[in-house]
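**Student:** So the chains spell out like this:
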Amino acid sequence: MSGHPIYEPQSAFMKWLERRLPIASFAYSSFVVYPTPRNLNYWWTFGGILTFMFGVQIITGIVLAMHYTPHVDFAFDSVETIMRDVNYGWLLRYLHANGASFFFVAVYVHMARGMYYGSYKEPREVLWILGVILFLLMVITGFMGYVLPWGQMSFWAATVITNLFSAIPVVGSSIVTWLWGGFAVGNPTLNRFYSLHYLLPFVIAGVVVLHIWALHMVGQNNPTGVEPKADKEVVAFTPYATVKDAFFIGLFCIVYAWFVFYIPNYLGHSDNYIPANPSQTPTHIVPEWYYLPFYAILRGIPNKLLGVTALAASIIVLAFMPWLDTSRVRSANYRPLYRQFLFIFFAAVVGLGYLGSQEPTGGYVIAARILTIYYFAFFFVILPLLGLFERTRPLPNSISESVLRHGVPAGASAPSPGVHA
Amino acid sequence: MKRHLRLALALALAGMLCDIGAAAFAQEADAPPRLHWSFSGPFGLYDQAQLQRGFKVYQEVCSTCHGIKLLSFRNLAEPGGPDFSEAQAATIAASFQVTDGPNDQGKMFKRPGKISDYFPPPFPNEQSARAALGGKLPPDMSDLAKARSYEWGFPRFIFDAFTMYQEDGPDYIHAIVTGYEDAPAGFVLPPGGQYNKYFPGHGIGMPKPLSDGQVEYTDGTPATVDQYGRDVAAFLMWAAEPTLDARKRLGFQVMVFLIVFTGLLYFTKKRVWYAVLDDRDLEKPRAPTEYKS
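As you go down the protein sequences, you meet chains A and B in turn. Note that my numbering has the first sequence beginning at 1, numbered continuously upward. Note that my numbering has the second sequence beginning at 1001, numbered continuously upward.
Keep in mind that a hint or two might mislead.
Said to hold, decoys possible - Far from chain B, by Cβ distances over 10 Å, these chain A residues were calculated:
hint: 1; residue: Tyr7
hint: 2; residue: Gly61
hint: 3; residue: Val109
hint: 4; residue: Ser173
hint: 5; residue: Ile175
hint: 6; residue: Ile212
hint: 7; residue: Pro239
hint: 8; residue: Leu251
hint: 9; residue: Pro278
What the hints assert, rightly or not - Below are the DSS-like pairs computed for lysine-lysine, each with C-alpha atoms no more than 25 Å apart in a straight line:
hint: 10; chain 1: B; residue 1: Lys1208; chain 2: B; residue 2: Lys1056
hint: 11; chain 1: B; residue 1: Lys1269; chain 2: A; residue 2: Lys232
hint: 12; chain 1: B; residue 1: Lys1107; chain 2: B; residue 2: Lys1056
hint: 13; chain 1: B; residue 1: Lys1110; chain 2: B; residue 2: Lys1069
hint: 14; chain 1: A; residue 1: Lys232; chain 2: B; residue 2: Lys1114
hint: 15; chain 1: B; residue 1: Lys1208; chain 2: B; residue 2: Lys1136
Calculated from the structure, these hints are not laboratory results. Ideal Cβ placement from N, Cα and C applies to all residues, glycine included.
Chain A extracted, bound-state conformation (with noise of 0.2 Å):
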């Protein structure tokens, strides 16, 4: 492909600015010209998605923590404050709370489309990672963050959650003393949560900021999963991408709203509208809708340190992906198997979150045991055993093929170099 127009600068001042900090010409070349496959579709509007509601959490975050007040005698009556007599309070924290799930509704989306279209695969293997770090690191913001309002999910998820590090041999209890910074969850931790829970999200900007540059490296994936070749098969990222981000992300807000606007307690749950009492266990501790899978996963295996290995690796094997999938072809469109079994690990991850939010006991933990293994199973055995088994359909030769093509039979066009006979 031929490069892209580069930023011209018109005025005098923009001319004096370009020579001293190239601040214009970066913008123009990373969101202005920057090619984006022309064939994208909806699915690929999530991570633009995922940085609006980014900025929505931010705003939110910081006016709520001009109010908020980090201490176990006040923190459930200064978030009540907020609610009551802070201007337009409600809404801040209900922006907040349900932007939370609703981040975390566009990030599983994103990574699901990564995975479907081989997103992952050489050469996107540290947008990938690093993805999964985001992932990570947005997993124990949203825990901080649900810590906050002490209420009583908020007290015994601090403590499960925290208790979860005493499985660790010879130094677990010493760790989770050191994390409470106390024998039991108290004032200290509450501080140091809130504390984090502020700076991490600057944390995750800057690794998005990695993200991003690592994405304008190796550019973006594509439904086919064949990199575009000739410049028709690309288009500008402004106005192309832009337009259609905006317009889906119109779309994400109005359910969005639906929610803080119409349900806002619909995805909390009602034990944390009632003050931390250390002293009364709720009679089911869960957590947030957003972390079911994983609290299933933990809960299916009877041995503690197993259950926090499980849990701890079920993200971390993300990370693996892109050596655990021996197969050359991206796009699961062209990988009929990968795409069933890719199908039925979604519907287990589903099932997982189902059963988390259930009681463990009898048919429960059995149905989330054998859900785990499908978990496990599907990154240690069934990825790396399709690569080498499956036979996959022919590639189309360029993306323009495949959108020229459009509802001839696959099978029609010539076969292609990654196809396994």
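Fit chain B to the known structure of chain A by using the hints.
**Tutor:** Using the frame of chain A, we list chain B on its own:
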């Protein structure tokens, strides 16, 4: 075909496993009846007359044991609430004795409440409540309507997101108030407990709080336990969520804006992409902002 069969088998197996679990852990308390509330749905707002009646029930009955410490007397006169006048709210405030101080002598003292005061708690501390009530601690009711719910389970919880069902708190409160019954034969009540068919585990510490005709209504509303339950539950929903009216009103404006704006974005997107995707023909001339190949 074979593949679909395999998938169906897998799903059926997963479903069976879930069913075994569900049977092993059936809900033991009755589901609270779902009532019609003035504040349900996208346009539902509080009914001021109902909130005033509910406040009367709260004040005459519940407030003996249950506080609403997060509420101030001024809230009673704020928009979207029971709509008392400021004078009425001040009169209600003055009927309470509030602890203030310390005064010049360094002593705490009692004075009639002012409109800016918060509702004083019925008991000065947890221990005095337990001492007076045989070891029981009545919960503060400020957030009660959001702090209680009922697990409707799958698939109902999915429909509830679409029908905007968010009234499980008031439904539960109404159910508890009306759910007192004689314990069925063979049911062993915990000491000091009453049988309530909607309370989890059925043994509730609170004695039956309301009976027909207990609170006088002057507006012709039937003075029944069922009606008291509805009114006090509505009042407690307002106490927990005094900004609900503002939220629904702003929500409608935001929704209208978002739908129109997203519609415009859709047509903008179509217009911008027209040159590229027209008939999916790659050789057509493209927009001037495009690169030259």
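**Student:** Run every hint past the structure and note whether it holds.
**Tutor:** The hints, checked one at a time:
no.	hint	result
1	Tyr7	14 Å, holds
2	Gly61	20 Å, holds
3	Val109	17 Å, holds
4	Ser173	31 Å, holds
5	Ile175	33 Å, holds
6	Ile212	21 Å, holds
7	Pro239	5 Å, violated
8	Leu251	6 Å, violated
9	Pro278	14 Å, holds
10	B/Lys1208 to B/Lys1056	18 Å, holds
11	B/Lys1269 to A/Lys232	19 Å, holds
12	B/Lys1107 to B/Lys1056	34 Å, violated
13	B/Lys1110 to B/Lys1069	17 Å, holds
14	A/Lys232 to B/Lys1114	74 Å, violated
15	B/Lys1208 to B/Lys1136	15 Å, holds
Of the numbered hints stated above, those contradicted by the structure are hints 7, 8, 12 and 14, listed in ascending order.
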